[in-house]
Amino acid sequence: MDGCIYKNKEHDVQMKEDISPKRILLIPLDPVHDVALKIINRRLKSRGHQTILLPPDLPLEEIIGRIIEIKNLNFILVSRTLSYGVAELLGKFIDMTEAANIRDRAKIVLGGKAVTSQLAAELGFDKGFGAGTDFEEIIAYIEDREYHKERGELLRKKISIPARYTYQYSNKEIKMLLNEITDEIIHWCQRKSSPAIERAKLREAMIDIHNDNNFSNEEKALKIKILKEKYISFCDDKIIRFYQEGLLPAKVRLLSPEEIDQLDIYIKKEKENINFKKMRHTQSIPLVFVQYGTGCPIMDIAHIKKSEVWGADGVFHFDPSWGARTEGLLEGVLSHEEDGSIITWENLKKIKSALHRETIWTIRAHRGLNTPETAVIAGKLGADLTKINMVYGSLNGGTDPERLMVDGIETIKYAAKYNMPFDEPTNEELGGVPAYKSFAGMLIIADLALRLKAKPILKPLFCYSPDAMITGKMDDNYIDYNVAKINCLRSIIDAPIWPGEPIGFMTHSEDRIQSSLTTALHSALAISLKVDAITIASSDEAYSKGTISLASRIDTLRAVQEVFRFIGKAEIKPTNKAKEYERDITKGIQKTLEAVARRGNFVAALYEGLLGSTQDGAYPGRGGRNTVREG
Amino acid sequence: MIKDKTRVIGILGTAKNTGKTTTLNFLLEWLNRKGINVGLTSIGYDGEDIDNITGLPKPRIFIQKENIIATAEQCLLSIEDKKVIEIMEKTTVYNALGEIILGKGLRKGLVVLAGPNKGRDLQIIIHQLKQQKVEIILVDGALNRMLPLIYCDALILATGASRNTDIDLLVDETESITRTFNLPLRQKAKISNQEILSYQKKIMVLKQDRPIKKLDDYSLLSERTLNNLIDVINDEDFEEIYIPGIIQDLILKKIAKDYSKLFQGKTILINNPIFLLVGSRDIRHLKDLIEKISNSGISIKTLYNLPILAVTINPFYPKYSRLRKDSYEMGWIDGYQLYYKMKSKIFIPVINIMGEESNKLLTVIKRFLKNTID
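Protein chains in written order, with my numbering: chain A, 1 to 631; chain B, 1 to 374.
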């Protein structure tokens, strides 16, 4: 699967010609809240049914009296919000209908916010409809036809994010500069390799053998053993100790077979009867992504399943920072006592098994010493997307620029091979690098990707960046500068844009309401700008002193859903400053690219700070320094 | 002809958390220990882990091997459920959760009971349970509903603090209920009570055991229906008036107040004491109303008896916590006082189901079973 856009298919209700009109009595028992019943009344009437709507808040005896008078009734719909003493009233009502010999005249249905099937059964009703019931479901019940609850499922469909983009450049000068730069890069990286690249090749071979049914299990084991030996030779001591002595790093442990069994049972249960909440309203984009990486695959899966239910379109995996600094990957279903879930074939396989089939899955490979191997594993497991940005990874992610460029190019090739578009996070902006520089880096990588037949997705930040703070660009509002970013990129190239990670970065606080609200407002901007996707944080992500709670995750998903409803197809209007900032960013990008082109050596440009200097807060990483070899 | 020996006992709770389910479990345990084949169902939904409304822990129904239950198929979905209950057959009776099935206990375990929600369906389920050769059928009641229980042979009334934390008011109400269930049976008449029922189900005016007038109404629910009745009987010489449906207590009051002369010496016939309770807005004062009617020289008799075997009381109630918004905590009233005051007014065995004397309930049930299985 190569990425996704969301298609909003409204499920058309097929009206059978032979649906006979019913006679329905509608009883609002609420003193005030009879809106729902009025809506149902209108819809039933429009479908040709006969309805009688009683006035609200009538005494029970009078209602019984009225029912006695009506002939040929098919349904009685009672609506009541539940509160203290109400359940007793409803039970008495049913008793009275039976005592008055009218119970059998019609099916008696209860509807209201707190109603469940169980409550309806307790109170003696024939059916109950509670919160979240579609009016269509009630009408289908009355018309005795099937209601497709999979509506939620029908609406969830993976489509390719880059599919509708041409990747054509509109800005000729920038295009030429980019081509010049990437020409050099492609030439530069020829015949260069690194331990990571070797490991990636070996890992790919091992997976292929494992999947090849032409070999017997013994043959497979033997072949893999040989490859594994070679693999280990490219690893760090920490990893070698694991393969040779079975010693896991500190704070890491294998899940026991019992735990894995329980996990499988949990996954099976969670996959049954998922009742998706509708995230979309009238717009099919942006897609909403959340990130997981609690350290434990069990918790990750719990978070993922709940996020799916609450409307997340996609999830992405974030791994521990020490993984980025260690040559080689571990194996097994591993749990980790700190942030980040360890990347192993088994962990990712387990997580994949838990995903709903239409949930988009991203594995990030954008920094560190294992990027190509991560992409291989992701590709082999059928991940939809990955994440690669060597500029960010080397200026802010701690990896050596030369090493990451070599690895990154290989990773991009794997991404292309496995049909995984990838997004390019520009989080160096959070370190202090001005957007125009990080965008320059992002565009270079994007152009490189296009040259290598991969599909890049641009990822500008919607954040209150240090640079914006210093230069005052967001003193008045958070809108203009973010609008400028998007419009600038769009004026340069026709490519997918996915703000993250997450949106609203640096605007969150410990206040859950404020945190949810700023995420929601930034998503309002996103939908107004019609970007392809957004990544949202849970409401406690910025400040959680431990693991993220499920409740706070739902906070923001719910908030974003509300925003989609609120905005619909409307737009947010920036001030004139947006245009001004847009021009500045474009000029800045061009200037930066010119400087890089002039330098004639991209990797050197990285080291020398042309894409983010130490003054900007960017520091070329050291991880993997001097591990690139020629030939 | 095989005499139908199976007895059906219904458990009527006056509110949630009155100990209905505790009583049920208690009885069930004893019956199982005695090796008596038990059938089990509910007219509501019983067996949730926490109370739907208050969030406090609730007991669930604990069945044993060979018990036969009638419950919604949807309540037996988990792997655990399938180990406890074997589905025997579908009943074609439905409730809000779907089709009800008959199941047999494979081993000890907890079940959720969600059975037929109306009387006619309960009749069918009882019939189907009887075909499974059970000796006793327990029917668990539901919140504020009692009509379907007219198909039981006897009731146990469960009440307690969660109905009313004021002991005096609670005892008053319980007295009203037991008094109502104690209304005299219509007896020694030329036509049987059965025959009266076989007539068209409308309000009937009877003289010398024959219907002389019939109304269009089924219940006395309003002034209008009362006036209809008055019009019909005004110049008639009648003895009994049979009301198959609801008699609203306000209407009864009006009869006692404005029409006592007309009804003096006559009998108001009801189908079952439950109908009087269903029509009552103020159960607590029902006993006073019955007294007033009686003092006016008017008889109230019932076609069917539904004896209350015992009253179980529960001093626990869900206390609404102001400190924690919208939540409840466990509260208790004086169980001792409740017991003694109840005993002094009620002439049926009173039992604190959580107390030391709970075995008294078993004595009552044993006596009942003995009297009916001869």
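Hints are computed from structural coordinates only; laboratory data are not their basis.
Worth double-checking, as some hints may not be accurate.
Stated by the list, open to error - Over 12 Å on every C-beta distance to chain A, these chain B residues come out as not near it, computed from the model:
#1 Asp121
#2 Leu147
#3 Asp166
#4 Asp209
#5 Ile233
#6 Ile251
#7 Ala256
#8 Asp258
#9 Lys261
#10 Leu276
#11 Ile293
#12 Asn359
What the hints assert, rightly or not - Partner residues aside, some chain B positions facing chain A, computed with beta carbon under 8 Å:
#13 Gly35
#14 Asn95
#15 Ala114
#16 Arg120
#17 Gln123
#18 Leu143
#19 Arg210
#20 Lys214
#21 Tyr218
#22 Ser222
#23 Asn228
#24 Val278
#25 Gly279
C-beta atoms are modelled at their ideal positions from N, C-alpha and C, and glycine is treated no differently.
Against the structure, the hints come out as follows:
1. Not every Cβ of chain A is farther than 12 Å from the Cβ of aspartate 121/B; the closest lies at roughly 10 Å, contradicting the non-interface assignment.
2. Its closest Cβ contact with chain A, about 4 Å, brings leucine 147/B to no more than 12 Å, contrary to its assignment away from the interface.
3. Chain A leaves aspartate 166/B outside its interface by the beta-carbon criterion, the shortest separation being 16 Å against a cut-off of 12 Å.
4. Residue-level check passed: aspartate 209/B sits 23 Å from the nearest beta carbon of chain A, beyond 12 Å.
5. Non-interface status of isoleucine 233/B relative to chain A is upheld: no Cβ of that chain comes within 12 Å, the nearest being about 21 Å off.
6. With 12 Å as the threshold on Cβ separation, the claim that isoleucine 251/B sits away from chain A is violated: the shortest Cβ distance comes to roughly 9 Å.
7. No beta-carbon of chain A comes within 12 Å of the beta-carbon of alanine 256/B; the shortest separation is about 19 Å.
8. With a closest Cβ-Cβ approach of about 19 Å to chain A, aspartate 258/B is found to remain outside the 12 Å limit, as its non-interface label requires.
9. At the 12 Å boundary, the C-beta of lysine 261/B stays outside the reach of chain A, the nearest C-beta of that chain being 26 Å off.
10. With a cut of 12 Å on Cβ distances, leucine 276/B falls inside the contact zone with chain A, its closest approach being about 10 Å.
11. The non-interface label for isoleucine 293/B is consistent with chain A: the shortest C-beta to C-beta separation is roughly 19 Å, beyond 12 Å.
12. With a closest Cβ-Cβ approach of about 30 Å to chain A, asparagine 359/B is found to remain outside the 12 Å limit, as its non-interface label requires.
13. At its closest, the beta carbon of glycine 35/B sits 32 Å from a beta carbon of chain A; the interface hint therefore is violated under the 8 Å criterion.
14. Hint on asparagine 95/B holds. Least Cβ distance to chain A is approximately 5 Å, under the 8 Å limit.
15. The beta carbon of alanine 114/B is positioned within 8 Å of a beta carbon in chain A (closest approach about 5 Å), and the interface hint is therefore held.
16. Annotation: interface hint on arginine 120/B holds; nearest CB of chain A at approximately 7 Å, less than 8 Å.
17. A cut of 8 Å between beta carbons decides the hint on glutamine 123/B: the least distance to chain A is about 12 Å, and the hint is violated.
18. Below 8 Å, beta-carbon pairs count as interface contacts, and leucine 143/B has one with chain A at about 5 Å; its hint therefore holds.
19. Nearest Cβ of chain A to the Cβ of arginine 210/B: about 23 Å, over the 8 Å cut. The hint is violated.
20. Contact between lysine 214/B and chain A, as hinted, is not supported at the beta carbon level, the nearest pair being about 15 Å apart and thus beyond 8 Å.
21. Given hint, tyrosine 218/B at the interface with chain A, holds; its Cβ is 5 Å from that chain's nearest Cβ, closer than 8 Å.
22. Below 8 Å, beta-carbon pairs count as interface contacts, and serine 222/B has one with chain A at about 6 Å; its hint therefore holds.
23. For asparagine 228/B, the interface hint is violated, the least distance from its beta-carbon to any beta-carbon of chain A being 12 Å, above 8 Å.
24. Checking valine 278/B against chain A by beta carbon gives a least distance of about 4 Å; that is within 8 Å, so the hint holds.
25. Because the beta carbon of glycine 279/B sits about 7 Å from the nearest beta carbon in chain A, less than 8 Å, this interface hint is met.
When each numbered hint is compared with the structure, violations occur for hints 1, 2, 6, 10, 13, 17, 19, 20, 23.
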